[in-house]
Amino acid sequence: MSLFDNKTILVTGGTGSFGHRFVSRVLQDYRPKKLIIYSRDELKQYDMQQIHNASCMRYFIGDVRDKERLITAMKDVDFVVHAAALKQVPAAEYNPQECIKTNIDGAQNVIDAAIANNVERVVALSTDKAANPVNLYGATKLASDKLFVAANNISGAHGPRFSVVRYGNVVGSRGSVVPFFRKKVAEGDTVLPVTDPNMTRFWITLDQGVEFVLQSFRRMQGGEIFVPKIPSIRIIDLVEAFTGKREYEEIGIRPGEKIHEMMVPEEVAHHSVEFDDHFVIRPPINFFDRNINYFCNKLGEQGKAAEKGYEYHSGTNPHFLSVSELKQLNEGAE
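Per numbering that gives the first Met the number 0, the very first residue in the sequence shown carries number 0; after that it's consecutive.
Hints in this document: simulated from the structure, not taken from any laboratory. Treat the hints with care, since some could be wrong.
[Said to hold, decoys possible] Capping the alpha-carbon separation at 27 Å, the derived lysine-lysine pairs in DSS-like fashion look like this:
#1 Lys145 - Lys244
#2 Lys145 - Lys32
#3 Lys43 - Lys66
#4 Lys33 - Lys6
#5 Lys145 - Lys74
#6 Lys326 - Lys182
#7 Lys43 - Lys33
#8 Lys100 - Lys145
#9 Lys326 - Lys183
#10 Lys297 - Lys228
#11 Lys32 - Lys244
#12 Lys228 - Lys303
#13 Lys100 - Lys32
#14 Lys66 - Lys33
#15 Lys100 - Lys182
#16 Lys326 - Lys228
#17 Lys183 - Lys244
#18 Lys32 - Lys66
#19 Lys66 - Lys145
#20 Lys244 - Lys326
#21 Lys74 - Lys33
#22 Lys100 - Lys228
#23 Lys145 - Lys43
#24 Lys32 - Lys6
#25 Lys66 - Lys100
#26 Lys32 - Lys74
#27 Lys145 - Lys303
#28 Lys307 - Lys145
I would like the entire structure built from these sequences, with the hints used as guidance.
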C-alpha cells in the first residue's frame, strides 16, 4: 500500500498555487481517506471546490493564527503539509507584525495542534529566503524552520515527526515574476522592468515542488531541512525568453530583495548531507530521545558529508537554465 493511501492529509494554505497542484497530484496517484484544505478565504475555497470535488475532499475555513481551530481541524489527521504563509517580501517589510503572526505564531500553532492530535508526519514548506535572511519574510521563515526542527524534541519518542522542505522560486506561482512578465507582454510592453540586471534565482516548477514534498514524506526521519538540487536562472535570460531581446528598464531593488539567493549557507555546510538529487541540513541540536543517522534516509538512500565551506548559491550554481529552456518552462506554467 502507498504511504498516502487510506490516510487523512491536511494542507494549510491549501487554496494557493502549491495546494492546487498538490491536490491534483494526490487525487491522481493515491487513494486518500480524506484530503482537507485548511485556509481562511471562503471565496478561494468555493472556487477550488468547483475544480476539486472528489468525495474525499473536505474544506475547512480557518486561520493558522487560531490554534483551537487547527486542533479541531487536525482530528484524526495522519499527514500535514504546512503551506500557509504571508510570502510577499515588500508587504512583509511594511507589515512585519502581520507576517510574524502568520509565519511564526502560526507555525507554532500547527506544531501544537499536530502534537495534540498525535499526527504522524508534518512537512513545512520554507523558502530560500530563510537562508542568511536579509528581509523580514526570510527571517520569519527561518524562525519557523527552527520551530519545526525543535518540535521533534517536544513531540517525544512516539509523537509526530516534523521536517522542512526549502526550495526556490516557483515558476508561475501567484505573485511571482513569470505571471507579471506575461501580463506585461500581453499588454504590449516590449521593455520589461528589472530590479537589477545581475539578479539570479533558483528555479523550480510546481510539479517538481510537489514531487519533492511527496518524496520528503517518504524520506523523513524528523528534524531534516530538505533542499532539492535545482537550476538557477539569470533575470536577463528570463527577459529574453519573454521578449526575444535583452532590453530592460532598471527600476532598482525592492525593499528586502536580494541580488542572489542561498539555500545552503557556508555556515551550515558542516551540518549538511549531500544526496544524488538533494541536500539535507541536519539539526544543529541533539534530540534527547533518539540518535538519528541522517546519512541514510527512510528510503535507504545514502548521502555523504557536504564539502567543508560549501554553499548552495544561485549565483554560483553550476546549472543555469538556457533561454530556450526558460521559454519551455514558461509555456508549461501558463
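Hint check results:
1. A C-alpha spacing of about 43 Å is found between lysine 145 and lysine 244, which places the hinted pair above 27 Å, so the restraint is violated.
2. The suggested pairing of lysine 145 with lysine 32 is violated, with an alpha-carbon distance near 31 Å, which exceeds 27 Å.
3. Between the alpha carbons of lysine 43 and lysine 66 the distance comes to roughly 22 Å, so the proposed pair stays at or under 27 Å and holds.
4. At most 27 Å may separate the alpha-carbon atoms for a hinted pair to count; lysine 33 and lysine 6 meet this at roughly 7 Å.
5. The suggested pairing of lysine 145 with lysine 74 holds, with an alpha-carbon distance near 25 Å, which does not exceed 27 Å.
6. Among the hinted pairs, lysine 326 with lysine 182 is consistent with the structure: their alpha-carbon atoms are about 15 Å apart, no more than 27 Å.
7. Simply put, lysine 43 and lysine 33 have alpha-carbon atoms about 19 Å apart, close enough for the 27 Å limit, and the pair holds.
8. Between the alpha carbons of lysine 100 and lysine 145 the distance comes to roughly 16 Å, so the proposed pair stays at or under 27 Å and holds.
9. Distance restraint check for lysine 326 and lysine 183: the Cα-Cα separation of roughly 16 Å lies within the 27 Å cut-off, and the hinted pair is therefore satisfied.
10. Of the supplied pair hints, the one linking lysine 297 and lysine 228 holds, its CA atoms being roughly 19 Å apart against a limit of 27 Å.
11. The straight-line distance between the Cα atoms of lysine 32 and lysine 244 is roughly 50 Å, outside the 27 Å bound, and the hint therefore fails.
12. Taken as a hint, the lysine 228 and lysine 303 pair is honoured in the structure, with Cα atoms around 15 Å apart against an allowance of 27 Å.
13. For the suggested pair lysine 100 and lysine 32, the alpha carbons sit about 32 Å apart, so the restraint of at most 27 Å is broken.
14. For the hint pairing lysine 66 with lysine 33, the CA-to-CA distance comes to about 21 Å; that is within 27 Å, so the pair holds.
15. Proposed proximity of lysine 100 and lysine 182 is contradicted: the alpha carbons are some 32 Å apart, above 27 Å.
16. For the given pair, lysine 326 sits about 21 Å from lysine 228 by alpha-carbon distance, which is consistent with the 27 Å threshold.
17. For the hint pairing lysine 183 with lysine 244, the CA-to-CA distance comes to about 15 Å; that is within 27 Å, so the pair holds.
18. For the proposed pair lysine 32 and lysine 66, the alpha carbon gap of about 24 Å is at most 27 Å, so the pair holds.
19. Our distance criterion of 27 Å between C-alpha atoms is met by lysine 66 and lysine 145, whose separation comes to about 19 Å.
20. Proximity of lysine 244 to lysine 326 is assessed by CA-CA distance (about 13 Å); at most 27 Å being required, the pair is judged to hold.
21. A distance of roughly 12 Å separates the Cα atoms of lysine 74 and lysine 33; the hinted pair therefore holds under the 27 Å criterion.
22. A threshold of 27 Å between alpha carbons decides the hint, and for lysine 100 with lysine 228 the separation of about 31 Å lies outside it, so the pair is violated.
23. For the hint linking lysine 145 to lysine 43, the alpha-carbon distance of about 30 Å lies beyond 27 Å, and the restraint is violated.
24. This hinted pair checks out: lysine 32 and lysine 6 have alpha carbons roughly 5 Å apart, not beyond 27 Å.
25. Between lysine 66 and lysine 100, the direct Cα distance comes to roughly 12 Å. Compliance with the 27 Å bound is thereby established for this hinted pair.
26. A hinted pair counts as satisfied when its Cα atoms are at most 27 Å apart, and lysine 32 with lysine 74 qualifies at roughly 13 Å.
27. Restraint check for lysine 145 and lysine 303: satisfied, since their Cα atoms lie roughly 23 Å apart, inside the 27 Å limit.
28. With a CA separation close to 23 Å, the supplied pair lysine 307 and lysine 145 stays within the 27 Å bound.
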